[in-house]
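**Q** In order, the protein sequences belong to chains A and B. The numbering of the first sequence is this note's numbering, which starts it at 1 and goes up by one. The numbering of the second sequence is this note's numbering, which starts it at 1 and goes up by one.
Everything labelled a hint here was simulated from the structure, so no lab data went into it. Remember, it's a predicted structure, so these values are computed and weren't measured experimentally. Don't take every hint at face value.
Claimed, not checked - Some chain A residues near chain B, calculated using beta-carbon distances under 10 Å: (1) M88; (2) L94; (3) N95; (4) L211; (5) L222.
Claimed, not checked - Taking CB as the label site, the calculated pair distances span: (6) A:H171 x B:V11: 34 to 42 Å; (7) A:A176 x B:F10: 33 to 41 Å; (8) B:L144 x A:G198: 19 to 27 Å; (9) A:F249 x B:A117: 15 to 23 Å.
Think of the CB as a built atom: it goes at the ideal place given N, C-alpha and C, for glycine as much as any other residue.
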Amino acid sequence: MEAIKIDVDKESLAETVLRLALDVGEGMLKNGGEVSRVENTIERICRAWGAEHVEVFSIVSMINATVHMPDGTRSSQMRRIRATGTDMYKLELLNELSREICQNHLRTDEVDARVKAIKRSAAYPRWAAVPASAVAASAFAVFFGGGWVEAVVALFIGALLGAIELFAAGHVNELAKTVLSAFVAGILSFAAALIVSGTGSGIIMIGTIMLLVPGVAFGTALRDLLCGDLIAGGLKTLQSILTALMIAFGYLLSMAVMGGAL
Amino acid sequence: MSTFFSASFFVQHLTALLGTLGFAVLFKVRARHLPLAGACGLFTWLVYYTVTFFGGTLFLAAFLASAVATVFAECCARVRLAPAPVFLVPGTIPIVPGSDLYYTMRYLLFGDFDVFANYLMRALLVGIGIGGGIVAVSVAVSLLPKRKNKLK
Chain A
1 MEAIKIDVDK
11 ESLAETVLRL
21 ALDVGEGMLK
31 NGGEVSRVEN
41 TIERICRAWG
51 AEHVEVFSIV
61 SMINATVHMP
71 DGTRSSQMRR
81 IRATGTDMYK
91 LELLNELSRE
101 ICQNHLRTDE
111 VDARVKAIKR
121 SAAYPRWAAV
131 PASAVAASAF
141 AVFFGGGWVE
151 AVVALFIGAL
161 LGAIELFAAG
171 HVNELAKTVL
181 SAFVAGILSF
191 AAALIVSGTG
201 SGIIMIGTIM
211 LLVPGVAFGT
221 ALRDLLCGDL
231 IAGGLKTLQS
241 ILTALMIAFG
251 YLLSMAVMGG
261 AL
Chain B
1 MSTFFSASFF
11 VQHLTALLGT
21 LGFAVLFKVR
31 ARHLPLAGAC
41 GLFTWLVYYT
51 VTFFGGTLFL
61 AAFLASAVAT
71 VFAECCARVR
81 LAPAPVFLVP
91 GTIPIVPGSD
101 LYYTMRYLLF
111 GDFDVFANYL
121 MRALLVGIGI
131 GGGIVAVSVA
141 VSLLPKRKNK
151 LK
């Protein structure tokens, strides 16, 4: 057990093991890891450090786990997960870390430092979201049948939505942000159609809507449901339905504001 | 019958690739995985395009496209030792029913409930197709023998 350094006054063996395993699992869940991956990872890490018995239950917004260690210590801990996003870079690094723990039995203090370093790491600078959503919105405007004008307008709206995402991230309610983004996108598409006649506001809107649509979330929700993670899948389904409704709400609001400008 | 390799074939595949790459950066897929993530989006759209071109239903097209995307992503995951969602999540973006959802909202607003219901069903069918494709392959993959890197 030399891999595990514990300060017995502060934490028992079980508490240390479970805390670190949960740190890794929590990071995965926050950055877009599947519920089954999170549960698996926590269980494997605990077993790699010698746990006799592990129970993990996770949904999108919470992880709950219990571990029994051979020295007789036990621990139950839970984590409440609030903001989740998609950060495949962090997910990949955490996955790598978990594999290393299972294969090489990393020391606990090393794991602590690694998890903290991963939290701070980023694949791209934050502003990269702006050009990325601009390119994505523009590409999909053309994909769904738009021409040059639609592509250029969608490029600008996409950049703006990227900027909204950038400034609102973390401290604005997700659904409120979706309403705002759909509203802004709607207003600007109608405005573009008014300024340059013959512009398809619908096509622009479809391109920019792709940035907001919970398509992937709905797909993974179904996957969870069909794989037996009923609670996690049900919550995700509800989330994606709500998101779709908020997009509709923001867009309808913009139509109401622009009145008969159609 | 229009030709398979029409102008829109090239435009759609180019924009599907660009759109996938844009989303891959939004999802923070690291730079060295971008080519494979883009390829995943391209394959997904190629399958979807082919199936609908030859008269397949939307559901079948979405199902087969997402199944192919999942197989591709699982292969990439094993080669690159990265989680499969790194490739799969951006890769399924081109078949997300964005335009169907847009028309669903539009006809809801216009009060044209027949057309509204029609587009809503289309969006749902494609959504279920995507989910089903991913599940079918994931279940098959989980039945494959595991490499022995588990402990003990």
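**Q** Taking the earlier hints as the rules, which of them does this structure contradict?
**A** Hint 8 contradicted; others consistent.
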